[in-house]
Structures are given as structure tokens and as C-alpha cells.
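K.L.:
Sequence:
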Amino acid sequence: MSDIKIAIVTANGTEERTVEAGTKAWQLFAETPDVIAARVGDGVDAVLKDLSYELVAGDTVEGVEMASKDGRDILRHSCAHVLAQAVQELFPESKLGIGPPIDNGFYYDFDVEVPFTPADLEKIESKMKKIVKENQKFSRRVTNDDDARIELADEPYKIELIGLKGNSAEAAEGASAEVGAGELTIYDNLNRNGETVWKDLCRGPHLPTTKRIPAFKLMRSAAAYWRGSEKNKQLQRVYGTAWESKEALDDYLHLLEEAERRDHRKLGRELDLFSFPDEIGSGLPVFHPKGGVIKRVMEDYVRQRHIEEGFSYVGTPHITKDGLFHTSGHLPYYADTMFPPMEFEGTNYQLKAMNCPMHNLIYSSRGRSYRELPLRLFEFGHVYRYEKSGVIHGLTRVRGFAQDDSHSYCTKEQAPAEVKHLLNFMLTVLRDFGLQDFYLELSTRDDSNKAKFVGSDEDWAVATKVLEDVCAETGLELVPDPGGAAFYGPKVSVQAKDAIGRTWQMGTVQYDFNQPKGFGLEYVGPDGTKHQPVMIHSAKFGSIERFFGVLLEHYAGAMPPWLAPVQVTAIPIAERHVDYLYDVARQMNALGLRCEVDESDDRMQKKIRNAQLQKVPFMMIAGDDDVEKGAVSFRYRDGRQDNGVLLAESIERVAAAVASREQV
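The working numbering puts the first residue of the sequence shown at 3, with every later residue one more than the last.
There could be a bad hint or two in this list.
What the hints assert, rightly or not - Mimicking DSSO-like on lysine-lysine, the simulated pairs with C-alpha atoms at most 27 angstroms apart in a straight line are: (1) LYS135 to LYS201; (2) LYS268 to LYS233; (3) LYS139 to LYS201; (4) LYS617 to LYS71; (5) LYS292 to LYS414; (6) LYS499 to LYS414; (7) LYS233 to LYS454; (8) LYS233 to LYS213; (9) LYS292 to LYS125; (10) LYS292 to LYS631; (11) LYS454 to LYS467; (12) LYS131 to LYS248; (13) LYS129 to LYS248; (14) LYS268 to LYS235; (15) LYS26 to LYS125.
It is worth saying that the hints were derived from the structure and are not from the lab.
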């Protein structure tokens, strides 16, 4: 056979190699069992291939290890196929939806007569383990639309996906794992005799065989509408997780246990912080007095910080004529996430989904000079977005929320410095709240789908370069997010890790060259002529509600003293010590510290336990000796206790912890 030249990407660089024509990718990595697929091509043009891929001259090939992000996606998508096969073997009448990999796992949707029970999931998982042991081969086969329709005639949802091929905007979330703009492929599961025992419409790639699946577990089932629309039939979605080793799976399950312990929805109930009354509606939280304290402290802090950073506080209404959102360009781009309009006096009004259009009206309310720029406007703007019911999640995904929203109007020359100012401002805010581990994500335009975005190529290039350069100066890791930009310009978001290593998207900085043009915003320059400013959006918390929920989980409810609703619980040993502690509480309250006296009939140990359950940072316990000496026993929530601490010192300990924003 003739030879061909290829290149292999290794840890030490790219090396050229000559191989026989007909060589498969697996042959390059036969001595590297962790490699389960191949990445073929250079940079953004590289595509993932099965190890059975036959190399062609000029290929650049890189091995994909199972423990990598792409490798885990391939593992999980392969596991989703095993799940679907198991379901159809146990429930032959079930019809297949889609089964993509997702963060930390996978799912598959099924049309079944009766919802799955926990007992069903146990049977399905057992059947999956049998399929894994059978070492079935994943075999890729190219087909065409007509043949696929005949072959999959009993799978109505697959037939629908074939009709959507190449039109990802119309397809279901995750459908890109099955159909795309290119050729149509089916993966057959072959037994040891080479016979097809199951098949699925799929783009791949997959593991070589089912036996390469090292560790998985089914997690739960839930209802899910086909293609994410309430107008479609409700299917049963089975979620699972899969990992490159049993140890990695155990670590993840332990993380889930810890995450459940920290779930802000659970903590919100236990600590009496907030609720979601059915009478008000899904995704619309109300804050109880203790939650209100945390929210107020957050607001007071960030309001003062904005003033110190040169922002002017403004206020805007909750509704507006819908023409304003046409001017801003949000309609029709964001129409699906906005509540339906309300007709009043012959005009349609919209609940506000974003604050920026109203800030533009403040800017344009009078003439502006270059001497005023950068002009910085800020408000706690309450906005409303129609999130689908399936994605509502406590405080972290709601329909009504407040943004610490700011907009800076500046010259193009000032834009880099302003972006840097805003990003540094945001990072200091996060650090003050105890978040220290960050990376940045730069969301840019998808050049293959420019219809989703406004503005010229030059506008996008300039704006993207400004954000990219400022991000590089921070020294933080910068992760690209192609296609994730807002329609009006690129953005950079801060991704913060919490105490157990989960990543949360926090605030954003967005460069906008569209709205100033749409609103006709101008300023008079040094040359006496009118110029168009640049508009930069920024939210430091993102939303107060979401940030509240993230902090609650980060601290597992044990908020730092400066944020704690009750900073000190004063505990009398006997009833005769109550008045003494009320005087202590009055002294502390006069200093702006939050102290409550527990004068319940509970025994002292029960009172201490109650304060610990409520995550109160400090306790001051008083008996006869303490009253006589003007002291207390000073107790921390972790159980440490100092006896006989004079009142002045005790109060100073609390005040110092609050002022420093330290955790105790």
C-alpha cells in the first residue's frame, strides 16, 4: 500500500509522520489507552472523530483523552445511547427523543405511556450495566434523508429532527448531537457477531465500544417538553452521569451531597430568609425580614461603592411603551424572554426586561459635552423576564429580579480605560464578598450567523479587541465563548468558583456600539462638532437575587458577620440575667450591630443549639458572675468559647469582624 504523510499533536508539539494509507486513528494511539477519540484538523476548524476514522494525507491528529472535556462529552453521549438502548429493550413501545451530553452528565428523552418510577430507573441501570459488559461496538454509518426516514419510520421524533437538519435555530436544545448541516449518520450497536442490536440517529463521535464506559449512574427522571416548547408533548427525561473512573464518579456524587446540603432553596426555608408564594407566581421571590437584612446590606454596600467609583444614582419605572425596546433593538431579538405586552389607552406597554433604554433617555434629556464623559449612571433596576418554567431555580433563575445596573457613556478613546475600571471594580466587589477564585469568559459574535447580531465587522473587531486587551491585563485565565455575545456587542463575564469548586457566572461588562446609534446619542467634542459616544453596560452582582443565592451556597448559610441577619444572640443562663443582656443588645444596636436576646423558656444548651442552627456568628452568654463583672462568655458558632470577656472587648470583637468583612 502507498504511504501518506500526517501530523500528530503531542505534549511536545506537532511531529510529522508517514503511515500506510488506510491507517485508522486508533492505530496511532494503540499504546495510549486513555485516548478514546481523535481531534482532526487545526484550531477552530478541528473536528472530533471516532478512533475508527481512516486517516487521509495532510491530516493533523490529536488524541482525545477521556478525562478531558471533549472526552467526557463523548463518554457521556455514548452512555446516553446505552441508556436509550436499555429503555427500548425494557419498554419496547418507547419512542426516542434526543440524548446529548450536558455539564457533568447526560440525559435522554423518551415518549412513554407511564412516567418512569425510581424502581424503573434501577431496572434501566441494571440493563445498562449488562449492555456495557457485552462490549458492543459503536459503528458509524453514513446515510441520507430519504433512507433514514424509511429506516427510522417508527421514531417520529427522529423523523422530525431529520426535517430540521441544518437549521439549528429551529431544532431542540441538544439536537445538534444528532443532526447538523453536514451529512446524516446513524450509529449501530454491534454485538460480538457483528449483528446490529440497536441503532440511533447521531453525529458522534462515540467510544469504540460500550465496555470502555468505566463508571456511570442514573440520577433521576423528570418531565420535559419536546423541543422545549409547552405547545409540544411532554416526554420523560432520564438524567445520568458518567466519569472516567469509579473514583471520579464517587467524588462527583460526594460533591452532589455537599451541594444538596448547601442548596440555597433549602437554606432559605430553614433560615427563614425568603419564599416563593404560589399566590404571587413562579420565579417571583419575596424576602422575609432576615433575608431582607442580607439584601439591604448588599444593596447599601454596592450603592456606596458605585458612588465612590464616580456613578450617579438614577431611577426608572417598571414598565414602558414597547416602542422604546424597538428603538433599543431588543425587540424582536429578546421578544421570547419578555412578558407579553399590556394594552392601555391604545398603546402597548411592556414590563421592563432591561434598564439600558431608559438610561439612554436620561443621557439624551439634554445636550452633553465631552467634558462630562465618561458619564456613569447606576440604579437598582427591577426587571422581568419570561423564563420557561423548566429552568426556574430558586434565586439563581427567576422571573423578577433587581440588577445593580450601570451604564457608562464615553468616547471611543476612553473606552479601554473605562472597561478596565469596570472590570477592576467588579473584581473588588466579589473579593469583598469572599469570592477569590475567578476566570474570565469573552463572549464574541458568531461570524457564521451574522444575522443574529447588529453592527459592522469593524465595530465588532474594535469592541472585541478592547475587551480582549483589558482581560489580558488582569492576568486571569481568559476563556473564549464564540457566539455568546449580546446582539449589540461583545461582553466579558466573570466566572467565580465557590467553596466546593462549582463555577458561577457573576457580573458582566458589555461593549455597545448599537444603542447610541439607535437613540441618536451625541456629545459635543473639543472640535465643536457632534460625536457618538460608546456605551458600556456593567452589573457587578449580575442580579441581587442570583448573587444572594450563590453566596448562601458558598457559605452553606453561615454568612460572614457583616452579612449575617443576626450577628449576636445573647443567651441568659437564668431569667434574672435577661435585663442585663437587653442592655448589652441596646449598646450593640446603637453601634449598628444586630443583636437579639433569646429569652425563650428553652434551656441554655438548647438556646446555643438554636443559634448554631440559625448560623449566628457569635453568642454572648451571661450568668451571675458575668453580670457582676460586666462581662459575658463569648462563644463562636464553631464552638470555641472565651469566658469572662469584658463587655467592651466583646463588642469590639464583633465590630472588628463586621468592619473587616472577615469570616468566622
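K.L.:
Next step is simple, just say for each hint if it's right about the structure.
P.N.:
Hint by hint, here is what the structure shows:
With a C-alpha separation of about 18 angstroms, the suggested pair LYS135 and LYS201 falls inside the 27 angstroms cut-off, and the hint holds. In summary, the hint linking LYS268 to LYS233 is not supported, as the alpha carbons are separated by about 32 angstroms, beyond the 27 angstroms threshold. Simply put, LYS139 and LYS201 have alpha-carbon atoms about 11 angstroms apart, close enough for the 27 angstroms limit, and the pair holds. Restraint check for LYS617 and LYS71: not satisfied, since their Cα atoms lie roughly 37 angstroms apart, outside the 27 angstroms limit.
As the CA atoms of LYS292 and LYS414 are separated by approximately 45 angstroms, the hinted pair breaks the 27 angstroms bound. Straight-line distance between C-alpha atoms of LYS499 and LYS414 comes to about 33 angstroms, which puts the hinted pair past the 27 angstroms bound. For the given pair, LYS233 sits about 25 angstroms from LYS454 by alpha-carbon distance, which is consistent with the 27 angstroms threshold. The straight-line distance between the Cα atoms of LYS233 and LYS213 is roughly 39 angstroms, outside the 27 angstroms bound, and the hint therefore fails.
For the hint linking LYS292 to LYS125, the alpha-carbon distance of about 45 angstroms lies beyond 27 angstroms, and the restraint is violated. Our distance criterion of 27 angstroms between C-alpha atoms is broken by LYS292 and LYS631, whose separation comes to about 33 angstroms. Note on LYS454 and LYS467: the hinted pairing holds, with a Cα-Cα distance of about 20 angstroms set against a maximum of 27 angstroms. For the given pair, LYS131 sits about 14 angstroms from LYS248 by alpha-carbon distance, which is consistent with the 27 angstroms threshold.
Taking the CA atoms of LYS129 and LYS248, the gap is about 19 angstroms. The hint holds against a cut of 27 angstroms. For the given pair, LYS268 sits about 31 angstroms from LYS235 by alpha-carbon distance, which is inconsistent with the 27 angstroms threshold. A threshold of 27 angstroms between alpha carbons decides the hint, and for LYS26 with LYS125 the separation of about 37 angstroms lies outside it, so the pair is violated.
Comparing the model with each earlier hint shows violations of hints 2, 4, 5, 6, 8, 9, 10, 14, 15; every other hint is respected.
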